[in-house]
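The whole structure should be built from the sequences, with the hints applied where relevant.
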Amino acid sequence: MNESDYMNLREAAWRRPHTAEEKAQLQSYLVIHPESQLEWESDTALNLALSNLPNAPLSSNFTARVLQAIDLEELREHRRRSPDWIQRVRLWLPRMAVASLVVGLGGLGYQRVRLHQIRDEQARSVALISKVAVALPDMSMWQDFDAIARLGQTQPSANDQILWAALSAE
Amino acid sequence: MANPTDPDAALMLRVKQGDRDAFEELVEKYKQPVMNMVFRTLRDATEAEDLAQHVFLQVYKSAHRYEISAKFSTWLFTIARNLCLNEIRRRSRHPADSLDQHLAGEEDQPAREIGDRKATAAHDELLQRELVEKIDEALADLPESQRTAIQLCRQEELSYEDIAEVLGCSLSATKSIIHRAREALRERLKPYLRTGVWKEEE
Numbered sequence: 001m002n003e004s005d006y007m008n009l010r011e012a013a014w015r016r017p018h019t020a021e022e023k024a025q026l027q028s029y030l031v032i033h034p035e036s037q038l039e040w041e042s043d044t045a046l047n048l049a050l051s052n053l054p055n056a057p058l059s060s061n062f063t064a065r066v067l068q069a070i071d072l073e074e075l076r077e078h079r080r081r082s083p084d085w086i087q088r089v090r091l092w093l094p095r096m097a098v099a100s101l102v103v104g105l106g107g108l109g110y111q112r113v114r115l116h117q118i119r120d121e122q123a124r125s126v127a128l129i130s131k132v133a134v135a136l137p138d139m140s141m142w143q144d145f146d147a148i149a150r151l152g153q154t155q156p157s158a159n160d161q162i163l164w165a166a167l168s169a170e
Numbered sequence: 001m002a003n004p005t006d007p008d009a010a011l012m013l014r015v016k017q018g019d020r021d022a023f024e025e026l027v028e029k030y031k032q033p034v035m036n037m038v039f040r041t042l043r044d045a046t047e048a049e050d051l052a053q054h055v056f057l058q059v060y061k062s063a064h065r066y067e068i069s070a071k072f073s074t075w076l077f078t079i080a081r082n083l084c085l086n087e088i089r090r091r092s093r094h095p096a097d098s099l100d101q102h103l104a105g106e107e108d109q110p111a112r113e114i115g116d117r118k119a120t121a122a123h124d125e126l127l128q129r130e131l132v133e134k135i136d137e138a139l140a141d142l143p144e145s146q147r148t149a150i151q152l153c154r155q156e157e158l159s160y161e162d163i164a165e166v167l168g169c170s171l172s173a174t175k176s177i178i179h180r181a182r183e184a185l186r187e188r189l190k191p192y193l194r195t196g197v198w199k200e201e202e
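Protein chains in written order, with my numbering: chain A, 1 to 170; chain B, 1 to 202.
These are calculated hints, taken from the structure and not from any lab test. Remember, predicted model here, so these are calculated numbers, not experimental data. Take these hints with a grain of salt, some might be off.
[What the hints assert, rightly or not] Covered stretches of chain B, as calculated for chain A (at least 3 residues, CB under 8 Å):
id : stretch
1  : 25-39
2  : 57-63
3  : 153-166
4  : 173-187
Each residue gets a CB set at the ideal place from its N, CA and C atoms; glycine is no exception.
Structural data, given as structure tokens:
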């Protein structure tokens, strides 16, 4: 057995335990090459150390989370592949709904404000009229109003006209 | 080259046709090996788990590109390695958390512990824990290709040819990488290897 064969045996031991035949071959080699004994022992120790490395910590729901991530990815892919108009509807419908709500609420709010303003104006008008009504003369004063008004519409007599002209000339 | 009777390849063919149960089976089988590889690259359990999930998500999304001629485990670990490399590059551009940071070596910082399930006596358990930390530190100090090669060597289903395919180099170059990695580890762990703690029970 040569050094190349010895190397092959070492490489085999890195991955799996030796077979009985391989162990025998190795022993034969080491008897002839005792200088390789120490190297072989540290190699063996390292093999054991690496094989005894504990597993990395892993969540118990790892697989479930992978499948969940796939579901999410497929949903994204489905949305990406939807026809343009559906995507546009999906994009704009909620925005329009919100905008309509905002405009509607704004309109309602404005209407309420205007209503209050109108009521305030009406109240002020009523108050004003009440003040004016108090200052007005008694209604009985108006009972001869028509007669008085007709008096103002009659033409003056001829004598009155001559007298007025004379007075004006002076 | 995939064995025509390779069960993983058969499962992947079903995944290509949208079989989620087949995919779940593959995840269950390889989640720990992938996590082991990613964890020993990133050195953070939370980030490693996120990346490991991303590996399987990528596998699912790329299922249509899987060729039956390729061995599934080789393809899977190639994806895992590529994503690890992307993360290493991203971190080198944004070094908020350096990969070379050895928190385990700082006395006032708790080590990133890996659960140990094999030691029984308290003293042996402490010693074992210390040895595991030393191995992890030594692995972290290796160049990426050497560290990945050592990790892949732990996967029994991967031959040296498969490991060469994942690393993207020749078989002889791969064995050379592994050899150099082991030399570095033996040198680094010499005091511990001499204690005989890892001697095989006869």
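### Query
Against chain A, does the stretch 153-166 of chain B show at least 3 residues with beta-carbon separation below 8 Å?
Answer holds; 4 residues pass the 8 Å Cβ test.
### Query
Do three or more residues from the stretch 57-63 of chain B put their C-beta atoms closer than 8 Å to C-beta atoms of chain A?
It holds: at least three residues are needed, and the stretch 57-63 of chain B offers 3 whose Cβ sits within less than 8 Å of chain A.
### Task
Examine the stretch 173-187 of chain B for residues whose CB is less than 8 Å from any CB of chain A, and state whether their number is three or more.
holds (count 5)
### Task
Apply the coverage criterion to the stretch 25-39 of chain B and chain A: a residue qualifies when its Cβ sits closer than 8 Å to a Cβ of the chain, and three qualifying residues are needed.
holds (count 8)
Consistency note: the structure conflicts with none of the earlier hints.
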